[in-house]
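Asks: Chains as they are written, first to last, in my numbering: chain A, 1 to 415; chain B, 1 to 415.
Some clues are possibly wrong.
[What the hints assert, rightly or not] If the Cβ cut is set under 8 Å, some of the chain A residues that face chain B in the computed set are: (1) Gly173; (2) Gln198; (3) Val275; (4) Ala279.
Hints in this document: simulated from the structure, not taken from any laboratory. Note that CB positions come from ideal geometry on N, CA and C, so glycine has one too.
2 protein chains.
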Amino acid sequence: MTTVGPKLSIDGLIAELKTLGNISEAEPPVVTRVVFGEADLRARAYVKQLCADAGLAVSEDAIGNTFALWEGTDPELAPIGTGSHIDAIPNAGLYDGCVGVLGGLEAIRTLKQLGFTPRRSIELVIFTAEEPTRFGIGCLGSRMMANALTPEKARNLRDKQGRTLDELRAWAGFEGSLESVAMPLGRFGGFVELHIEQGPTLEREGVDIGLVTHIAAPASLRITVDGEGGHAGATLMPGRKDALTAAAELILALEAAAKATGAIDTVATTGVCDVFPGAVNSIPSRVRLETDIRDIDGARRDRVIDSLKAACIDVESRRGVTITLEQVNADPPATCDAAILAALEDSAKAAGKSYRKMVSRAYHDSLFAARIAPGAMLFIPCRGGVSHRPDEYASPEWIGAGVQILARTLAHLAS
Amino acid sequence: MTTVGPKLSIDGLIAELKTLGNISEAEPPVVTRVVFGEADLRARAYVKQLCADAGLAVSEDAIGNTFALWEGTDPELAPIGTGSHIDAIPNAGLYDGCVGVLGGLEAIRTLKQLGFTPRRSIELVIFTAEEPTRFGIGCLGSRMMANALTPEKARNLRDKQGRTLDELRAWAGFEGSLESVAMPLGRFGGFVELHIEQGPTLEREGVDIGLVTHIAAPASLRITVDGEGGHAGATLMPGRKDALTAAAELILALEAAAKATGAIDTVATTGVCDVFPGAVNSIPSRVRLETDIRDIDGARRDRVIDSLKAACIDVESRRGVTITLEQVNADPPATCDAAILAALEDSAKAAGKSYRKMVSRAYHDSLFAARIAPGAMLFIPCRGGVSHRPDEYASPEWIGAGVQILARTLAHLAS
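Build the full structure now, drawing on both the sequences and the hints.
Replies: Have a look at this one:
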């Protein structure tokens, strides 16, 4: 397997990443690809064409999860999966998710060029809507695949414009029954996801590869504050039930609760704050917050949620507003598979790449893939730890090392 | 003039108010009519037709201020003006502004039916964009008419989509030079605006009419907080420069500063809070706030602004964000004309209506009309003091009393 390195076509892969990045709702280099939006559909078409060109058999499920199969000599065996997502939050960059999809494809092409013949099939997966932008819930495709979101609950999902998942997936051309998306335990013989770290550790330490042992447990809460609107000039301060000043207290209470654990692994964010009616001379009558709370320790994370709930009760009684709190999800952390981690470690050693074990603080499809298959992730560095921004960057060398280790590991697992 | 009462066609006026309310960007009864939007243009056409039907000569200026003239027997004299606005903030109701426009028209029609012949012309004015929704600055039409906003500064105004005032007014069909909008002092012989109180005093005290002696001094500040974005899971709390938690502190600091004056007349509101990029799993990198600060005491209001500025400096240094503060406007308070107030008082007495003198805490076109003519306002009650909401309400009796006093006053001033 020592020839994997030289055969890698990193220039071609970088060009493909850039082409994919140009498919955006925003002006490139800003990447915005919300699931089932026009840019998402064009990006899917581009990636499917690349898979077909590589001789893979492409299929899709009812939610748009996309599969590109390289059949092994023993097709009865569960395939080895690899992949990630190509949807992107508003104002994102080129690499989050896409490195795992196009890098996975490049790993497969490299193995093919080397004349490698897999015993188990190798299957590239492009998961639908890893990002929660449209429906407020992350990892929609992998979550449904792992049956961690029932079709019944999925049917209740709506975007901000009130359109249902069923309406939007039908519009995007995905029409089968949602019941068909869930897959049984053992659907994959193993699953390996390549991803940028989205944190600064690898770059800072000059390490090539991160072997992810645990994926942090994220929770997402949607908070609606209902107050009383009115004219900003004529409504005196004592009588006000301003939904935005109440929401401001909650935003700060959440931040304080995350800091108060004293643990570096606790993070909490309010990323969405929609104000209604949203006019300079009108007291806000309703504010909708979306919050994200994570920790590698599930119990500690839940104590932050409890603090936020206590703040809601306090603000409600002091300000006379009504606060409703919906827990969109609160997923348990995932532990990666020891055998796959060992295979990744062996591959890194054989390729002469440095590596370290680490925890993923970001959310990944592997969190759910790990429920139906032994799974693990490998991280490559990203500059400054920056992600979810247009200046997100991973060098061709970093990407090349990641694809090389991934290819070696897939070959090992599929042999 | 005792016959003014019985001649009033209040049913017809209420029907016209409802018809106008149905011209909305939102689903009626919710009224949203942003200036130069499609609904605003339809509403203008409706009101102009009513004016033409009443035999008035309709004209428009370059910014869309609309004039409907009933020529007097001595057309060389400066006309007596009345009027208000028909644009409406998002999620508004039927009466704010519209009562002054359609009620002013009804007052003119009533005088015509009575066979009254004015010596001075009487002119109904529909001011463009009293509401700051689109351009972030209130009373755009009356402000430019009073030369309180130069054409040069007006040309720099943009809406949220970046479209300039010139683009939008051209699209709406108003194409003259902005330099032609300003009017000289003395353009009107007097100006009287009928409006709902937008506060609870008149209804609570059971008084028919409010005679407005002063209009409070509003100021509007736009605050932009620039922090650092990043992934909500991977960016640890200590390294963050979250623009939204910084903005939350400013929202609360402004509220506290307004309360700290101890004066019931000080009010402050953050009505707009736009978050970028606005995804649940992304740390906000930029937040844009729009704030509104008012007082009948200009110096006390400016002390609240100073407190807000101090909070910006404090938050900037503690949180490592960059805060820019733009004072959109800070207008001086207006004092209403004693002679017109006396005419209003005489009219109220003659009609047997109860009245009280009061201060206007809300912003009105009369604030600027008072710069080019002796001016005053009369208020009618609105239920519960509610305004800028779909449930804003003024009874036919309240409106009838207001129109009756307005008609008597116009007749007196034009004689």
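Asks: Does each hint fit the structure? Answer for all of them.
Replies: How the hints compare with the structure:
1. A hinted interface residue such as Gly173/A counts as satisfied when its beta carbon comes closer than 8 Å to some beta carbon of chain B; here the least separation is about 25 Å, so the hint is violated.
2. For Gln198/A, the suggested interface contact is upheld, since its CB lies about 4 Å from the closest CB of chain B, less than 8 Å.
3. Hint status for Val275/A: holds, given a least beta-carbon distance of 5 Å to chain B, under 8 Å.
4. For the restraint placing Ala279/A at the interface with chain B, the shortest Cβ-Cβ distance is roughly 4 Å, inside the 8 Å limit, so the hint holds.
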